[in-house]
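Trainee: Chain B: place on chain A using the hints.
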Amino acid sequence: GIQVEQSPPDLILQEGANSTLRCNFSDSVNNLQWFHQNPWGQLINLFYIPSGTKQNGRLSATTVATERYSLLYISSSQTTDSGVYFCAGGGQGAQKLVFGQGTRLTINP
Amino acid sequence: DAGITQSPRYKITETGRQVTLMCHQTWSHSYMFWYRQDLGHGLRLIYYSAAADITDKGEVPDGYVVSRSKTENFPLTLESATRSQTSVYFCASRRTGSQETQYFGPGTRLLVL
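So the protein lines, in turn, are chains A and B.
Just so we're on the same page, our numbering is the position in the first sequence counted from 1, plus 36.
Just so we're on the same page, our numbering is the position in the second sequence counted from 1, plus 14.
No wet-lab data here; the hints were simulated from the structure.
Be careful, since some hints might not be right.
Said to hold, decoys possible - Below, simulated SDA-like cross-link-like pairs (lysine to any residue); rule was C-alpha separation at most 25 Å, straight line:
no.: 1; chain 1: B; residue 1: Lys71; chain 2: A; residue 2: Gly129
no.: 2; chain 1: B; residue 1: Lys71; chain 2: B; residue 2: Gln51
no.: 3; chain 1: B; residue 1: Lys71; chain 2: A; residue 2: Ser62
no.: 4; chain 1: A; residue 1: Lys90; chain 2: B; residue 2: Thr110
no.: 5; chain 1: B; residue 1: Lys71; chain 2: A; residue 2: Lys90
no.: 6; chain 1: A; residue 1: Lys90; chain 2: B; residue 2: Glu114
To be verified - Residues from chain A that keep clear of chain B, each with C-beta distances beyond 10 Å, as calculated:
no.: 7; residue: Ile38
no.: 8; residue: Ser43
no.: 9; residue: Arg58
no.: 10; residue: Ser62
no.: 11; residue: Thr89
no.: 12; residue: Arg94
no.: 13; residue: Leu95
no.: 14; residue: Val100
no.: 15; residue: Asp117
no.: 16; residue: Lys132
no.: 17; residue: Thr142
no.: 18; residue: Asn144
Just so you know, even glycine gets a beta-carbon here, dropped at the ideal spot from N, CA and C.
Only chain B is shown next, with the shape it has when bound in the complex:
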């Protein structure tokens, strides 16, 4: 039971490059989320998705693009990476319903030079 996985786990890129972070879950959870974690800011929601082809902005969506063509995948793309996007990115998922446990992936550490 793989659960929720993220790839790559570590990524170094340069300013201006496009980067895609992958998230895959094997539970068929309806909801998926992308967070970034920075010192002093805790966990901030970037985007979330309630189902395939349904996405919505979170607290800090600028500079990011998401898609969800399949229930199990929720990629996050940085169209033109900036140094301020250096962070640890976490994907999460949960079943439908507002009273369901949320599970996190292992995270991706991204460094933008």
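Extracted from the complex, chain A is given alone in its bound form:
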């Protein structure tokens, strides 16, 4: 099955910094999603992005399907951006998503 690798595993930044999180897939995916788990444990869907680029405020995501990776960009980080970011993907016709191990982001004031 598909394997998902996220990097870096941990990232510590000061408020106002920019960050890039990466997600690599072992095989082609046609359903790629990014999630944020806040410090209270809630998992929020950020993007559904099987290909191309999307932006939502200070967050944007780019998926290069042919090269099997996706990037999540966070600009002008705020302390509320802290938490764990997961990417997940599913292949053609897949019923379930495979999750990466996550990137733990800590934004210090």
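Mentor: Quick look at chain B alone, frame taken from chain A:
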């Protein structure tokens, strides 16, 4: 719009007891999922369901039972709880189709003593 809810939010039980975690969604999503989250293991799929009366095993199904008699409910039962089942359990749902956004419930923190 309640979305997807889980109950209880917190549960303490003893080894050997039966525990049922509830999941309810108001969107009429076809697919529902149960995950457990443990330190060092990320999110692991326990069971999932493609529709009412259709369920299938995920990555870590041993010790768990599911049912889905109604589209909106997907209970997870630990038949005889063990300490290794101490975890945070998340329910999720999405519409039919492999290219649909997945939504998570708030989670249930389970402690097995």
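Trainee: Next step is simple, just say for each hint if it's right about the structure.
Mentor: How the hints compare with the structure:
1. Note on Lys71(B) and Gly129(A): the hinted pairing holds, with a Cα-Cα distance of about 17 Å set against a maximum of 25 Å.
2. A threshold of 25 Å between alpha carbons decides the hint, and for Lys71(B) with Gln51(B) the separation of about 17 Å falls inside it, so the pair holds.
3. Of the pairs offered as hints, the one joining Lys71(B) and Ser62(A) holds, with about 22 Å between alpha carbons and a cut-off of 25 Å not exceeded.
4. Restraint check for Lys90(A) and Thr110(B): satisfied, since their Cα atoms lie roughly 23 Å apart, inside the 25 Å limit.
5. The suggested pairing of Lys71(B) with Lys90(A) is violated, with an alpha-carbon distance near 33 Å, which exceeds 25 Å.
6. Taking the CA atoms of Lys90(A) and Glu114(B), the gap is near 16 Å; set against the 25 Å cutoff, the hint holds.
7. Non-interface status of Ile38(A) relative to chain B is upheld: no Cβ of that chain comes within 10 Å, the nearest being about 12 Å off.
8. The claim that Ser43(A) lies off the interface holds: its Cβ sits roughly 14 Å from the closest Cβ of chain B, which is beyond the 10 Å cut-off.
9. No beta-carbon of chain B comes within 10 Å of the beta-carbon of Arg58(A); the shortest separation is about 16 Å.
10. With a minimum CB-CB distance of about 16 Å to chain B, Ser62(A) clears the 10 Å threshold, and the non-interface call stands.
11. The claim that Thr89(A) is not at the interface with chain B holds, since no C-beta of that chain comes within 10 Å of its own (minimum 17 Å).
12. Every CB of chain B is more than 10 Å from the CB of Arg94(A) (nearest about 20 Å), matching its label as outside the interface.
13. Even its closest Cβ contact with chain B, about 15 Å, leaves Leu95(A) beyond 10 Å, as expected for a residue assigned away from the interface.
14. Against chain B, the non-interface label of Val100(A) holds: every CB pair exceeds 10 Å, the least being about 18 Å.
15. Every CB of chain B is more than 10 Å from the CB of Asp117(A) (nearest about 18 Å), matching its label as outside the interface.
16. At roughly 6 Å from the closest C-beta of chain B, the C-beta of Lys132(A) falls inside 10 Å, breaking its exclusion from the interface.
17. The beta carbon of Thr142(A) is kept farther than 10 Å from every beta carbon of chain B, the shortest such distance being approximately 16 Å.
18. The Cβ of Asn144(A) sits about 22 Å from the closest Cβ of chain B, beyond the 10 Å cut-off, so the non-interface label holds.
Of the numbered hints listed earlier, those contradicted by the structure are 5, 16.
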